[in-house]
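Sequence order for the protein chains is A and B. Heads up: the first sequence at position 85 corresponds to 84 in numbering that gives the first Met the number 0, and the numbers run straight through without jumps. Heads up: the second sequence at position 215 corresponds to 214 in numbering that gives the first Met the number 0, and the numbers run straight through without jumps.
These are computed hints drawn from the structure, not numbers from a lab. Virtual Cβ for every residue (Gly too), placed ideally from N, Cα, C. Incorrect hints may have been included.
Stated by the list, open to error - Subject to a maximum C-alpha distance of 30 Å in a straight line, what follows is the list of computed DSSO-like cross-link-like pairs (lysine-lysine):
{"hint": "1", "chain 1": "A", "residue 1": "Lys137", "chain 2": "B", "residue 2": "Lys54"}
{"hint": "2", "chain 1": "A", "residue 1": "Lys207", "chain 2": "B", "residue 2": "Lys178"}
{"hint": "3", "chain 1": "B", "residue 1": "Lys18", "chain 2": "A", "residue 2": "Lys207"}
{"hint": "4", "chain 1": "B", "residue 1": "Lys18", "chain 2": "B", "residue 2": "Lys54"}
{"hint": "5", "chain 1": "A", "residue 1": "Lys206", "chain 2": "B", "residue 2": "Lys248"}
{"hint": "6", "chain 1": "A", "residue 1": "Lys137", "chain 2": "A", "residue 2": "Lys206"}
{"hint": "7", "chain 1": "B", "residue 1": "Lys55", "chain 2": "A", "residue 2": "Lys137"}
{"hint": "8", "chain 1": "B", "residue 1": "Lys72", "chain 2": "A", "residue 2": "Lys20"}
{"hint": "9", "chain 1": "B", "residue 1": "Lys72", "chain 2": "A", "residue 2": "Lys133"}
{"hint": "10", "chain 1": "A", "residue 1": "Lys134", "chain 2": "B", "residue 2": "Lys55"}
{"hint": "11", "chain 1": "B", "residue 1": "Lys54", "chain 2": "B", "residue 2": "Lys95"}
{"hint": "12", "chain 1": "B", "residue 1": "Lys54", "chain 2": "B", "residue 2": "Lys72"}
{"hint": "13", "chain 1": "A", "residue 1": "Lys207", "chain 2": "B", "residue 2": "Lys55"}
{"hint": "14", "chain 1": "B", "residue 1": "Lys55", "chain 2": "B", "residue 2": "Lys17"}
{"hint": "15", "chain 1": "B", "residue 1": "Lys178", "chain 2": "A", "residue 2": "Lys134"}
{"hint": "16", "chain 1": "B", "residue 1": "Lys169", "chain 2": "A", "residue 2": "Lys137"}
{"hint": "17", "chain 1": "B", "residue 1": "Lys178", "chain 2": "A", "residue 2": "Lys126"}
{"hint": "18", "chain 1": "B", "residue 1": "Lys72", "chain 2": "B", "residue 2": "Lys18"}
{"hint": "19", "chain 1": "A", "residue 1": "Lys20", "chain 2": "A", "residue 2": "Lys126"}
{"hint": "20", "chain 1": "B", "residue 1": "Lys54", "chain 2": "A", "residue 2": "Lys133"}
{"hint": "21", "chain 1": "B", "residue 1": "Lys72", "chain 2": "B", "residue 2": "Lys55"}
{"hint": "22", "chain 1": "B", "residue 1": "Lys18", "chain 2": "B", "residue 2": "Lys178"}
{"hint": "23", "chain 1": "B", "residue 1": "Lys178", "chain 2": "B", "residue 2": "Lys21"}
{"hint": "24", "chain 1": "A", "residue 1": "Lys126", "chain 2": "A", "residue 2": "Lys137"}
{"hint": "25", "chain 1": "B", "residue 1": "Lys178", "chain 2": "A", "residue 2": "Lys244"}
{"hint": "26", "chain 1": "A", "residue 1": "Lys20", "chain 2": "B", "residue 2": "Lys17"}
{"hint": "27", "chain 1": "A", "residue 1": "Lys244", "chain 2": "A", "residue 2": "Lys206"}
{"hint": "28", "chain 1": "B", "residue 1": "Lys21", "chain 2": "B", "residue 2": "Lys169"}
As the list claims (entries may be wrong) - Listed below are several chain A residues computed to face chain B (Cβ distance under 10 Å; list not exhaustive):
{"hint": "29", "residue": "Met0"}
{"hint": "30", "residue": "Gln24"}
{"hint": "31", "residue": "Gly116"}
{"hint": "32", "residue": "Ala197"}
{"hint": "33", "residue": "Val234"}
{"hint": "34", "residue": "Lys244"}
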Amino acid sequence: MFTPLQIILLALLVGVYTWQKYNLQMLMYASVVLVGVITGLIMGNLQVGMVVGGTLCLMSLGLFGAGGSSVPEYSVGCIAGTAFAIAMRQSGQEAVTTAMTIGIPVAALGTELDVLGKTSGSFFVHKMEACSDKKDWKGMGRWMWASQIPFIGLWVLPMILLTTVGSTYVQSFINAIPAWLNGGLTVASGMLPALGFAILLHQLPMKKYGYFILFGFVLAAYANLSILAIAMLGVIVCVFIYQMKEENDKRTAVATAEVGGDNEDE
Amino acid sequence: MSEISEKEIQENEVILTKKDLKQVLTRYVISRQTCFNYETMQSGPWVWSMHPAMKKIYNDDDVLAEKYRSYFKFFNCHPWFGQLILMSNLAIESTKVQESTETALNVRTSLMGPLAGLGDAIVWVLLPTVTGAIAGYQAQNGSLVGLLIALLVNIALWFVFWNLSFPVYKQGVSFITSKAGSLRNLTEVCSILGIMILGAMVATTVNVTFAASWTVGDLTQNLNDLLNTIIPHFGNVLTVGILYWALGKPKMKSSYLIWIVIIAAIVLGGIGFLG
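Hey, can you work out the whole structure from these sequences and the hints?
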């Protein structure tokens, strides 16, 4: 189903993506679309890669691991889903459905893989500390990089299994899926972005500024403005609030200084 | 540090060159969350990254081992701001005064919380949500312009942080602390912008529609149309509301909730209630 070159390139893509997601972070915006496009190129169908990447990217909005928390990993889901959709010679809506059927569970399992990786980290950081105590600086670096074996391997290995021994099982599984399940997955694709937004809202100061959610909603739902237009309006409002706050702080600072000065006079 | 005389600082100070700093930064950006763990979080690569500079400053392995014992303690910040804190710490270590490591660690601990908040708000909430939405829609329609915009924004911001790192070393901690008040305000308004944009995306990106309908006499009524007359995108609002409420429950984790959502969607879609 997959050529050896494709298997290697897909595993490499997952590995490089995982490393850059944690560390370099230079290609993380819209990374689901990016890996979709790259997978499309590897598998020889850019169109499917783009559409699947776009669909899964919208589902991934708002998900990010703040403060060490773990969230679903749609980029790896997108790589797996796109690869199978193209390998099964699908296109259009059929390809998107297949990619979602594989991609969503892979993304959801990603939460567990992330936790496993971070649990393994303790072992390596203690090894680093031990090397540091022995003034073995080279060993310290070696143990640090060794942590990437579980961190990256945890993602690459399932991908290799999926594209080699697992591929026929996945294919027959996809072919056996009844129509109602496909319908359910389409519903899920519309519903899952809501989870990302709910997670994100919990990390924002909703108690203090929650009412601003209405502002965005009204502009989108009643005024039918695009996201970019709403973002621009939002910037105007926020720059204004920022200036007010800064001036307020300055006034408070001056007031405090004056009070201090009076005390000295006495 | 005010009690330390200028003279003492000037006698011992080791000034790191831009080349030294680049070496530390390069190490940091390629490794900053390796060894991530739930005990000390990002402390491991921090020590590995600062090592070349620390070796130049102290040039004594025993001193370094002693100092690293402190640096291996808990550290967690937004990775991009982490590099700025690392630079401020090196600025303090460069003075080679007695309490430098203690001071540096205090600075590290006091800055990591507020800067993580700002980093999360801008680098991980605002920009990826907006650029991701644009890139996602455009890719669905067969255009990669949105993706290019998203990547350009990402890479440009990355280099802003890279270039900011050098003045942070030169001006030391004052560079960050002098702007502490502004940083807090900036975080707040960025959070407001984030909430607003999420409000908009509840309407545009979420897509929950009711397929259920019923017939009374000649009239077929569709649940979705009926509910949308109350408030547009009723299904979206309801879904986000329920999930937000569910996540507020103490025992609920997002890793459970994603499976609950998938199963609920398949069941409700399968029986034809949603579609």
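Cross-check of the supplied hints:
Distance restraint check for Lys137/A and Lys54/B: the Cα-Cα separation of roughly 13 Å lies within the 30 Å cut-off, and the hinted pair is therefore satisfied. Our distance criterion of 30 Å between C-alpha atoms is met by Lys207/A and Lys178/B, whose separation comes to about 23 Å. For the given pair, Lys18/B sits about 45 Å from Lys207/A by alpha-carbon distance, which is inconsistent with the 30 Å threshold. Restraint check for Lys18/B and Lys54/B: the C-alpha separation of about 14 Å stays at or below 30 Å, so the hint holds.
Distance restraint check for Lys206/A and Lys248/B: the Cα-Cα separation of roughly 16 Å lies within the 30 Å cut-off, and the hinted pair is therefore satisfied. Restraint check: the Cα-Cα separation between Lys137/A and Lys206/A comes to about 49 Å, which exceeds 30 Å; the hinted pair is violated. A distance of roughly 16 Å separates the Cα atoms of Lys55/B and Lys137/A; the hinted pair therefore holds under the 30 Å criterion. A C-alpha spacing of about 24 Å is found between Lys72/B and Lys20/A, which places the hinted pair at or below 30 Å, so the restraint holds.
Taken as a hint, the Lys72/B and Lys133/A pair is honoured in the structure, with Cα atoms around 17 Å apart against an allowance of 30 Å. Between Lys134/A and Lys55/B the CA atoms are separated by roughly 15 Å; this keeps the pair inside 30 Å, and the hint holds. Taking the CA atoms of Lys54/B and Lys95/B, the gap is about 12 Å. The hint holds against a cut of 30 Å. Under the criterion of a C-alpha separation no larger than 30 Å, the hint pairing Lys54/B with Lys72/B is consistent with the structure, at around 19 Å.
Proximity of Lys207/A to Lys55/B is assessed by CA-CA distance (about 48 Å); at most 30 Å being required, the pair is judged violated. For the given pair, Lys55/B sits about 13 Å from Lys17/B by alpha-carbon distance, which is consistent with the 30 Å threshold. Between Lys178/B and Lys134/A the alpha-carbon distance is near 38 Å, which puts this suggested pair outside the 30 Å criterion. Between Lys169/B and Lys137/A the CA atoms are separated by roughly 29 Å; this keeps the pair inside 30 Å, and the hint holds.
Simply put, Lys178/B and Lys126/A have alpha-carbon atoms about 38 Å apart, too far for the 30 Å limit, and the pair is violated. Restraint check: the Cα-Cα separation between Lys72/B and Lys18/B comes to about 27 Å, which is no more than 30 Å; the hinted pair holds. Only pairs whose Cα atoms come within 30 Å are accepted, and Lys20/A paired with Lys126/A is accepted, the gap being roughly 24 Å. Our distance criterion of 30 Å between C-alpha atoms is met by Lys54/B and Lys133/A, whose separation comes to about 15 Å.
The hinted pair formed by Lys72/B and Lys55/B meets the criterion: a straight-line CA distance of about 22 Å does not exceed 30 Å. Using a Cα cut-off of 30 Å, the hinted pair Lys18/B and Lys178/B holds, with the two alpha carbons roughly 27 Å apart. At most 30 Å may separate the alpha-carbon atoms for a hinted pair to count; Lys178/B and Lys21/B meet this at roughly 24 Å. Of the supplied pair hints, the one linking Lys126/A and Lys137/A holds, its CA atoms being roughly 12 Å apart against a limit of 30 Å.
Among the hinted pairs, Lys178/B with Lys244/A is consistent with the structure: their alpha-carbon atoms are about 14 Å apart, no more than 30 Å. Using a Cα cut-off of 30 Å, the hinted pair Lys20/A and Lys17/B holds, with the two alpha carbons roughly 27 Å apart. Of the supplied pair hints, the one linking Lys244/A and Lys206/A holds, its CA atoms being roughly 19 Å apart against a limit of 30 Å. Distance restraint check for Lys21/B and Lys169/B: the Cα-Cα separation of roughly 13 Å lies within the 30 Å cut-off, and the hinted pair is therefore satisfied.
Proximity of Met0/A to chain B is violated relative to the hint, the smallest CB-CB distance being about 25 Å (cut-off 10 Å). Of the supplied interface hints, the one on Gln24/A holds, with its beta-carbon coming within about 6 Å of a beta-carbon of chain B, less than 10 Å. Residue-level restraint check for Gly116/A holds (minimum Cβ-Cβ distance to chain B is 8 Å; threshold 10 Å). Interface restraint check: Ala197/A against chain B, minimum CB-CB distance 4 Å, threshold 10 Å, status holds.
Residue-level restraint check for Val234/A holds (minimum Cβ-Cβ distance to chain B is 7 Å; threshold 10 Å). A hinted interface residue such as Lys244/A counts as satisfied when its beta carbon comes closer than 10 Å to some beta carbon of chain B; here the least separation is about 4 Å, so the hint holds.
Taken one by one, the earlier hints fail for this structure at numbers 3, 6, 13, 15, 17 and 29, listed in ascending order.
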